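Given chain Y's structure and the hints, the job is docking chain A onto it.
Note that the protein sequences, when read in sequence, are chains Y and A. Every position in the first sequence, counted from 1, becomes a number in the working numbering once 16 is added. Every position in the second sequence, counted from 1, becomes a number in the working numbering once 16 is added.
Derived from the structure by calculation, the hints contain no laboratory data. One thing to keep in mind: the hints can contain errors.
Just some of the chain A residues that point at chain Y, by a computed CB distance under 7 angstroms [stated by the list, open to error]:
{"#": "1", "residue": "212"}
{"#": "2", "residue": "214"}
{"#": "3", "residue": "218"}
{"#": "4", "residue": "221"}
{"#": "5", "residue": "406"}
{"#": "6", "residue": "409"}
Derived lysine-lysine pairs resembling DSS-like cross-links, with alpha carbons at most 25 angstroms apart [claimed, not checked]:
{"#": "7", "chain 1": "Y", "residue 1": "362", "chain 2": "A", "residue 2": "359"}
{"#": "8", "chain 1": "A", "residue 1": "402", "chain 2": "Y", "residue 2": "146"}
{"#": "9", "chain 1": "Y", "residue 1": "146", "chain 2": "A", "residue 2": "407"}
{"#": "10", "chain 1": "A", "residue 1": "62", "chain 2": "Y", "residue 2": "43"}
{"#": "11", "chain 1": "A", "residue 1": "355", "chain 2": "A", "residue 2": "341"}
{"#": "12", "chain 1": "A", "residue 1": "43", "chain 2": "Y", "residue 2": "62"}
{"#": "13", "chain 1": "Y", "residue 1": "359", "chain 2": "A", "residue 2": "362"}
{"#": "14", "chain 1": "Y", "residue 1": "278", "chain 2": "A", "residue 2": "401"}
{"#": "15", "chain 1": "A", "residue 1": "43", "chain 2": "Y", "residue 2": "355"}
{"#": "16", "chain 1": "Y", "residue 1": "362", "chain 2": "A", "residue 2": "160"}
{"#": "17", "chain 1": "A", "residue 1": "146", "chain 2": "Y", "residue 2": "407"}
{"#": "18", "chain 1": "A", "residue 1": "359", "chain 2": "Y", "residue 2": "359"}
{"#": "19", "chain 1": "Y", "residue 1": "402", "chain 2": "Y", "residue 2": "359"}
{"#": "20", "chain 1": "A", "residue 1": "382", "chain 2": "Y", "residue 2": "359"}
{"#": "21", "chain 1": "Y", "residue 1": "362", "chain 2": "Y", "residue 2": "335"}
{"#": "22", "chain 1": "Y", "residue 1": "146", "chain 2": "A", "residue 2": "382"}
{"#": "23", "chain 1": "Y", "residue 1": "335", "chain 2": "A", "residue 2": "62"}
{"#": "24", "chain 1": "Y", "residue 1": "407", "chain 2": "A", "residue 2": "43"}
{"#": "25", "chain 1": "A", "residue 1": "185", "chain 2": "A", "residue 2": "213"}
{"#": "26", "chain 1": "A", "residue 1": "335", "chain 2": "Y", "residue 2": "362"}
{"#": "27", "chain 1": "Y", "residue 1": "355", "chain 2": "A", "residue 2": "359"}
{"#": "28", "chain 1": "A", "residue 1": "278", "chain 2": "Y", "residue 2": "407"}
{"#": "29", "chain 1": "Y", "residue 1": "43", "chain 2": "Y", "residue 2": "196"}
{"#": "30", "chain 1": "A", "residue 1": "43", "chain 2": "A", "residue 2": "160"}
Pairwise CB distance ranges (calculated) [to be verified]:
{"#": "31", "chain 1": "Y", "residue 1": "230", "chain 2": "A", "residue 2": "231", "range": "24 to 32 angstroms"}
{"#": "32", "chain 1": "Y", "residue 1": "380", "chain 2": "A", "residue 2": "189", "range": "46 to 54 angstroms"}
{"#": "33", "chain 1": "A", "residue 1": "231", "chain 2": "Y", "residue 2": "48", "range": "26 to 34 angstroms"}
Since we're looking at a predicted model, the values are computed, not measured. C-beta: ideal position from N, C-alpha, C; glycine also.
There are 2 protein chains.
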Amino acid sequence: MTAEIITIGDEILIGQTIDTNSAYMAKALNLIGVSISRITSISDTKEEIIRAIQEAQSRTNLVIATGGLGPTRDDITKLTLTEYFNTELITYPEIRATIQEIFERRNLPILEVNLMQANLPKDCFIIPNKIGTASGMWFERNGKVVISMPGVPYEMEYLMQNGVLDKIKATFKTPSIIHKTVMTSGAGESFLADRIKDWENTLDQEDIHIAYLPSSGVVKIRLSIVSEDRENAQERIDRKVMELLQIIPEFVYGYDDEPLEKAIGNLLLSAGVTVGTAESCTGGYLAHLITSIPGSSSYYQGSVISYSNEVKINELGVKSIDLLKYGAVSQQTVEQMAKGVKKKLKVDYALSTSGVAGPDGGTDEKPVGTVWIALATPDGRVISKKLQLEKNRGRNIQRSAIAALNLLRLELTRNY
Amino acid sequence: MTAEIITIGDEILIGQTIDTNSAYMAKALNLIGVSISRITSISDTKEEIIRAIQEAQSRTNLVIATGGLGPTRDDITKLTLTEYFNTELITYPEIRATIQEIFERRNLPILEVNLMQANLPKDCFIIPNKIGTASGMWFERNGKVVISMPGVPYEMEYLMQNGVLDKIKATFKTPSIIHKTVMTSGAGESFLADRIKDWENTLDQEDIHIAYLPSSGVVKIRLSIVSEDRENAQERIDRKVMELLQIIPEFVYGYDDEPLEKAIGNLLLSAGVTVGTAESCTGGYLAHLITSIPGSSSYYQGSVISYSNEVKINELGVKSIDLLKYGAVSQQTVEQMAKGVKKKLKVDYALSTSGVAGPDGGTDEKPVGTVWIALATPDGRVISKKLQLEKNRGRNIQRSAIAALNLLRLELTRNY
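Bound-form chain Y, shown alone (with noise of 0.2 angstroms):
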């Protein structure tokens, strides 16, 4: 089964916006069995929303659509959709009372175009949005499906997850996909899909589909099987995966999406040890990835960020005369820090990070992309590691972080 999404708003179409949505929805709807046929950009206007609607739902049945919910006046979805399926709009008390909640959570004086959110069209079914004014809506006539939500990604995604896939489901018959996905870090998608290019000619007998999704520092293999027999189709691919795991054990870390932050956070939870962490180029992104993890307190203590030498200095104990010998991005320097960082946080584990992240401040030995990270261990020992990245900050930063949350991985699971 297919389906179009259309994304309204002028902030695409000038540019401003880089459309994250459609992706999000695509692989959302990829998962329940919904192949995305076409995604349309439109602007702000009565008659491009209609015409965009009218076309696509002359191609299918169900139309998903993100963005002109807000409530300000350039915001005109509600009304034209209202208009188009000869409606009108009337207060929803309930979704009132949910609006005036979020107001008051967040002690904010609650003005009249914020109530008039909960103005909805009759014949609609309202999918309720807890966490902003917009709720989503479900268009239904004859078999055709629109469906309007807010073009705030964390707002669409709230609703996608609450309501809006359940429903899909509910309403089509959408044929079976049983995906599995294995997560690996520590090698690029060329150098795993060489190592497993003999399990990979396997797949096409048993009717597996695989697709590598590389991200900074992690490359997701999905495995899909289309089948109305889930159980057998789930046994297929769990086979496969059991031998891909015999395969590359060393790079595989969890499966479905885990972030690696989350597989080492319950690494070090089911240890019972504590982590910390100094950074210098990766400037705090190390300690968000591990502090992004609900429960992160239980094993993360805290982090150093020694952005100057006076800090590397004088909170982590790096020796002056190393700093001027070998520079801040340095084996010696990274090591001194990861340990600087567990004695003072007197923590078991220790990590550490230093480099250029660019885009200036390269030299001819170290260039833009030179990075130390370090791991200091429980037992005293120190194991560091150089890495030469590219000219881009934030994937330096990235893809450092990463490195350096994989290295504790390594060591963790080769001691536990």
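Positioned in the frame of chain Y, the structure of chain A alone reads:
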């Protein structure tokens, strides 16, 4: 004048690739007075490509397509366009020579499929690609133009800047579009809209279009004019922006997509002062925002991330009796954290955060989303603020960090 963009490729429709090309093209085209009226993403099939081009040509005279020009079998854009425009492939010797040069330069063996990239449509203007094997193609029939470029972002960008934009300017009479985006922080979209509604009502008579673009803690207000008279339009927008500045001076921090952390970096640089941070609930994200700006090492010294109470006491000098009495999430604690890190890192300004990020850990008195932020200033004052956010951990971390940055911004703009 308007144009439409068509992106061709299954990777976008399955959500594997986020379409960043469209935003790049839209921005570049806007600057030469071409506004994008629609962006359509379709799959790599002949029927879809032809249908999308026909539809787009029925609405506009300029269609710009990317994708599907690679050497592999699944890339069929070139063959499809050759058929659609009723022409044939011929070998372009100079393009063949360029492709050979590229492979020689990279020291790679050249394959037959690579050389076939020099077979291009007759009756078509070729835009040479010096950094890849897929040429740009410009088809022109009865005043209507279809441009085809590769989907690899840096190759598309190369072709836009080396041929496409100039040829569009030379071929079409393009009006000017002037945009100005005002960046605000510290107030929500509806609060701002209410504060500036009288001013907003005056925009119509100037033919100025307004859009509100909210994201975590920041609301962008974008003004646009379509006009032949660039200078006059710029003046009209500038005048309205000046008026706006007088209505909401405390919320405006910059223009044209400048991130808040960049604006603050500039304020710190020009004042010649330094900043440090002490983070609990934001767990490194505040430091990450600050250090995501190149050159931040000139004003950012570092951070103590005190995720545990021990670190708050030992490293930041928070009194254990206050931690017991008021808790970690309290005005007392967050103020002591700011003072402690200011002294420790010897910085002029220090920011601190402490809160219940969630999703668990809330109490009746301090529900999830309760966050305290504080700022210690050079003259010994400490300013603190309580936020009441929501249930989402990731969003609470983001919004707390932005609110802390905004506290610093308000203080810096007051002082310098």
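Results for each hint:
1. Using the Cβ-Cβ criterion of 7 angstroms, the hint placing residue 212/A at the interface with chain Y is not satisfied: the shortest such distance is roughly 10 angstroms.
2. The closest approach between the C-beta of residue 214/A and any C-beta of chain Y is roughly 13 angstroms, which is over the 7 angstroms cut-off, so the hint fails.
3. The criterion of a C-beta within 7 angstroms of any C-beta in chain Y is not met by residue 218/A, whose closest approach is roughly 14 angstroms, and the hint is violated.
4. The beta carbon of residue 221/A comes no nearer than 15 angstroms to any beta carbon in chain Y, farther than 7 angstroms, and the hint placing it at the interface is violated.
5. With a least beta-carbon distance of about 6 angstroms to chain Y, the hint placing residue 406/A at the interface is held under the 7 angstroms criterion.
6. Annotation: interface hint on residue 409/A holds; nearest CB of chain Y at approximately 6 angstroms, less than 7 angstroms.
7. Annotation: proposed proximity of residue 362/Y to residue 359/A holds, straight-line Cα distance about 22 angstroms (limit 25 angstroms).
8. With a CA separation close to 22 angstroms, the supplied pair residue 402/A and residue 146/Y stays within the 25 angstroms bound.
9. Restraint check for residue 146/Y and residue 407/A: the C-alpha separation of about 10 angstroms stays at or below 25 angstroms, so the hint holds.
10. Taking the CA atoms of residue 62/A and residue 43/Y, the gap is near 24 angstroms; set against the 25 angstroms cutoff, the hint holds.
11. Restraint check for residue 355/A and residue 341/A: satisfied, since their Cα atoms lie roughly 19 angstroms apart, inside the 25 angstroms limit.
12. Simply put, residue 43/A and residue 62/Y have alpha-carbon atoms about 23 angstroms apart, close enough for the 25 angstroms limit, and the pair holds.
13. With a C-alpha separation of about 22 angstroms, the suggested pairing of residue 359/Y with residue 362/A holds against the 25 angstroms cut-off.
14. Note on residue 278/Y and residue 401/A: the hinted pairing is violated, with a Cα-Cα distance of about 31 angstroms set against a maximum of 25 angstroms.
15. Proposed proximity of residue 43/A and residue 355/Y is contradicted: the alpha carbons are some 48 angstroms apart, above 25 angstroms.
16. A threshold of 25 angstroms between alpha carbons decides the hint, and for residue 362/Y with residue 160/A the separation of about 70 angstroms lies outside it, so the pair is violated.
17. Taking the CA atoms of residue 146/A and residue 407/Y, the gap is near 21 angstroms; set against the 25 angstroms cutoff, the hint holds.
18. Our distance criterion of 25 angstroms between C-alpha atoms is met by residue 359/A and residue 359/Y, whose separation comes to about 21 angstroms.
19. Between residue 402/Y and residue 359/Y the CA atoms are separated by roughly 23 angstroms; this keeps the pair inside 25 angstroms, and the hint holds.
20. Restraint check: the Cα-Cα separation between residue 382/A and residue 359/Y comes to about 33 angstroms, which exceeds 25 angstroms; the hinted pair is violated.
21. The suggested pairing of residue 362/Y with residue 335/Y holds, with an alpha-carbon distance near 20 angstroms, which does not exceed 25 angstroms.
22. At most 25 angstroms may separate the alpha-carbon atoms for a hinted pair to count; residue 146/Y and residue 382/A meet this at roughly 20 angstroms.
23. Between the alpha carbons of residue 335/Y and residue 62/A the distance comes to roughly 65 angstroms, so the proposed pair goes past 25 angstroms and is violated.
24. In summary, the hint linking residue 407/Y to residue 43/A is supported, as the alpha carbons are separated by about 24 angstroms, within the 25 angstroms threshold.
25. Taking the CA atoms of residue 185/A and residue 213/A, the gap is near 38 angstroms; set against the 25 angstroms cutoff, the hint is violated.
26. As the CA atoms of residue 335/A and residue 362/Y are separated by approximately 19 angstroms, the hinted pair is consistent with the 25 angstroms bound.
27. Restraint check: the Cα-Cα separation between residue 355/Y and residue 359/A comes to about 24 angstroms, which is no more than 25 angstroms; the hinted pair holds.
28. For the given pair, residue 278/A sits about 20 angstroms from residue 407/Y by alpha-carbon distance, which is consistent with the 25 angstroms threshold.
29. For the suggested pair residue 43/Y and residue 196/Y, the alpha carbons sit about 14 angstroms apart, so the restraint of at most 25 angstroms is met.
30. At roughly 22 angstroms between alpha-carbon atoms, residue 43/A and residue 160/A fall within 25 angstroms of each other, so this suggested pair holds.
31. Roughly 26 angstroms separates the CB atoms of residue 230/Y and residue 231/A, a value that falls within the hinted 24 to 32 angstroms.
32. At roughly 51 angstroms, the beta-carbon separation of residue 380/Y and residue 189/A lies within the given 46 to 54 angstroms, and the hint holds.
33. As the Cβ distance of residue 231/A to residue 48/Y is approximately 28 angstroms, the hint placing it in 26 to 34 angstroms holds.
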